[in-house]
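We have chain L; now place chain C onto it with these hints.
Number of protein chains: 2
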Amino acid sequence: MIYVVGHKNPDTDSICSAIAYAELKKKLGIEAKPARQGDPNPETKFVLEKFNVELPEILTDGSNKKVILIDHSDVAQSLDNLDKAEIVEIIDHHKIGDITTPNPIFFLAMPVGCTATVVKTLYDYFEVEIDKKIAGILLSAILSDTVIFKSATTTEKDVKAAEELAEIAEVEDIRSLGIEIKSKLSAIDKLTAREIIKRDFKDFDMSGNRVGIGQIELVDLNIIKDRKEEIIRDMEKLKREGGYHSVFLMLTDIINEGTELLVVTDDPAIVKKAFGKNLDGNSIWLKKVMSRKKQVVPPLEKAFSY
Amino acid sequence: MIYVVGHKNPDTDSICSAIAYAELKKKLGIEAKPARQGDPNPETKFVLEKFNVELPEILTDGSNKKVILIDHSDVAQSLDNLDKAEIVEIIDHHKIGDITTPNPIFFLAMPVGCTATVVKTLYDYFEVEIDKKIAGILLSAILSDTVIFKSATTTEKDVKAAEELAEIAEVEDIRSLGIEIKSKLSAIDKLTAREIIKRDFKDFDMSGNRVGIGQIELVDLNIIKDRKEEIIRDMEKLKREGGYHSVFLMLTDIINEGTELLVVTDDPAIVKKAFGKNLDGNSIWLKKVMSRKKQVVPPLEKAFSY
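Quick mapping for you: the protein sequence lines, in order, are chains L and C.
For the first sequence, the residue numbers in our numbering are 144 to 449.
For the second sequence, the residue numbers in our numbering are 144 to 449.
Chain L with its partners taken away, still in its complex shape (with noise of 0.2 Å):
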């Protein structure tokens, strides 16, 4: 049996191409079953139940475990002993990580704005029919993911993928299934400051120095306006519990295009050197940006490595 997995707090497309791509195989022979490394987010919840598709089971150790990697590349993001696990695929939209193999396996990023659009990929190349759930779940995940083709990962390939999985789930109305899914992440009134920043939150090894970052995307900004200082205060709190060097929050606002970064770090020059704006005091605006893979790690990436 192959375990079909994609990263840790996991989010729609991570959950949704993992169950896409384990049908995949299914469907070309074998087994495969998708799993999880966390609790699904509201967003997902919502798509699934939406489709009436199955929550996959969790796996969090890879011990002993024949895997396939979703939607990451880097150990920090994938299964615990990861090198005990035997990794026979990786599927991936990120840059390329720090996971090697001891043997030659089958090794597909691509750089778009989604995994399920490289799972669609495959799935047209190996011409195997695409179910109309998980036509529903994989066009779930791309608008997620690119939010709703805002995002600056989106490209054509996306689009193109997007409008067909609607013409198979018989969705009419791609962007108002947009709007549906990603506002179901902006209700956060029910949740802690930790929960806030941990809903989609990834660890980075940037030049010796680790480094935690959020992303919580938002049909307006003004929702969250009274909580920022709380948020604060418990990045500072998971900064010393974690041994981060910084720990960024990306308040990503998709109606007007732009994030607001809250930070706390050892060096707030490293922000400045980032992105050439100086912080006010735990917090920059930066117009445009709202995707964290294409426009807040590379320059951070850049500015550690300094």
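Think of the hints as simulated: they come from the structure by calculation, not from any bench.
All of these numbers come straight from a predicted model, not from anything done at the bench.
Be aware that one or more of the hints could be misleading.
To be verified - Heads up, simulated DSSO-like pairs for lysine-lysine below, C-alpha to C-alpha not over 27 Å straight-line:
id: 1; chain 1: L; residue 1: 437; chain 2: C; residue 2: 208
id: 2; chain 1: L; residue 1: 380; chain 2: L; residue 2: 368
id: 3; chain 1: C; residue 1: 208; chain 2: L; residue 2: 169
Said to hold, decoys possible - Cβ pair distances, simulated, as ranges:
id: 4; chain 1: L; residue 1: 416; chain 2: C; residue 2: 224; range: 21 to 31 Å
id: 5; chain 1: C; residue 1: 412; chain 2: L; residue 2: 376; range: 50 to 60 Å
id: 6; chain 1: L; residue 1: 299; chain 2: C; residue 2: 207; range: 25 to 35 Å
id: 7; chain 1: C; residue 1: 416; chain 2: L; residue 2: 207; range: 18 to 28 Å
id: 8; chain 1: L; residue 1: 173; chain 2: C; residue 2: 318; range: 25 to 35 Å
id: 9; chain 1: L; residue 1: 275; chain 2: C; residue 2: 385; range: 55 to 65 Å
id: 10; chain 1: C; residue 1: 229; chain 2: L; residue 2: 299; range: 20 to 30 Å
id: 11; chain 1: C; residue 1: 318; chain 2: L; residue 2: 171; range: 30 to 40 Å
id: 12; chain 1: L; residue 1: 193; chain 2: C; residue 2: 431; range: 46 to 56 Å
id: 13; chain 1: L; residue 1: 171; chain 2: C; residue 2: 386; range: 42 to 52 Å
id: 14; chain 1: C; residue 1: 385; chain 2: L; residue 2: 171; range: 39 to 49 Å
id: 15; chain 1: L; residue 1: 197; chain 2: C; residue 2: 316; range: 52 to 62 Å
id: 16; chain 1: C; residue 1: 268; chain 2: L; residue 2: 272; range: 18 to 28 Å
In this text, a Cβ means the ideal position worked out from N, Cα and C, and glycines have one as well.
Below, chain C without anything else, positioned relative to chain L:
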């Protein structure tokens, strides 16, 4: 301009796949040219002359260059100053190496016998016609890397790709072409011991130890019998000069399908751990072993990791 370049100490696959992939890029409207990190071996020279294809220019330093890496994903096998290059794609068929990127890129590795098979797959995917000359060198690369389909790395995909390429290249007898190609590297009488060792030599970092593994494929091991002592003395010299923990040389008999492994090492027990056999002097016979990548590197990496 994007440079398409294979690994250090280039073999036929590394040079021919770079040429063919640069050609595909050009046909897709992208400015690209092939390059090589070193001199072609006699086999590669023969192949390029036979199909009337120009030798690519040399490129050893990645500084300020846009590059597509072919047939490797390890820093040690790549361009000097790779951290100053912009890697735009990686096309490979080896184990996943330690190259990382700051941005998402196209990375395709397939567990097949030859990068040329991956390149052929991409021509087919983009529905681009393969020129007769290009088909000839891709076919030659497959015959070379899979040792005329005898290597353990050979897959059905390699055989199918070779058959389709032979048709385009108007090669009637694939096996005869294979033997003609492979015999070029059996001509060792004019080579120094160092040239024999370095013919196809790769550096590895195995659990912090520097390990070098060369391979020479011969139509008959008797050709090299009288020179073994001289070669082992020179391997000892290379080991000292390069600060290696171990230097291995695979003398691969492509007709009888097996490898005599010559060994100079700080720890002879590593050979027993890796291959279950004690050294006989400086040598062991490995029946059916033809592939460094699949049958020599993985057991050695495992042995070093204990």
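Hints, one by one, checked against the model:
1. L:437 to C:208: Given pair residue 437 of chain L, residue 208 of chain C holds - Cα atoms ~21 Å apart, limit 27 Å.
2. L:380 to L:368: Roughly 20 Å between the alpha carbons, so the hint for residue 380 of chain L and residue 368 of chain L holds.
3. C:208 to L:169: violated, 42 Å
4. L:416 to C:224: 21 to 31 Å: 22 Å Cβ-Cβ, so the 21 to 31 Å window holds.
5. C:412 to L:376: 50 to 60 Å: Holds: the Cβ-Cβ distance is about 56 Å, inside 50 to 60 Å.
6. L:299 to C:207: 25 to 35 Å: holds, 29 Å
7. C:416 to L:207: 18 to 28 Å: Given about 21 Å between the Cβ atoms, the range holds.
8. L:173 to C:318: 25 to 35 Å: holds, 32 Å
9. L:275 to C:385: 55 to 65 Å: holds, 60 Å
10. C:229 to L:299: 20 to 30 Å: The hint (20 to 30 Å, Cβ to Cβ) holds, given that residue 229 of chain C and residue 299 of chain L are roughly 22 Å apart.
11. C:318 to L:171: 30 to 40 Å: holds, 31 Å
12. L:193 to C:431: 46 to 56 Å: holds, 54 Å
13. L:171 to C:386: 42 to 52 Å: The hint (42 to 52 Å, Cβ to Cβ) holds, given that residue 171 of chain L and residue 386 of chain C are roughly 47 Å apart.
14. C:385 to L:171: 39 to 49 Å: Check passed, 45 Å falls within 39 to 49 Å.
15. L:197 to C:316: 52 to 62 Å: holds, 55 Å
16. C:268 to L:272: 18 to 28 Å: Holds - the Cβ-Cβ distance for residue 268 of chain C and residue 272 of chain L, about 19 Å, lies within 18 to 28 Å.
Going through the hint list in order, the structure does not satisfy hint 3, though it satisfies all others.
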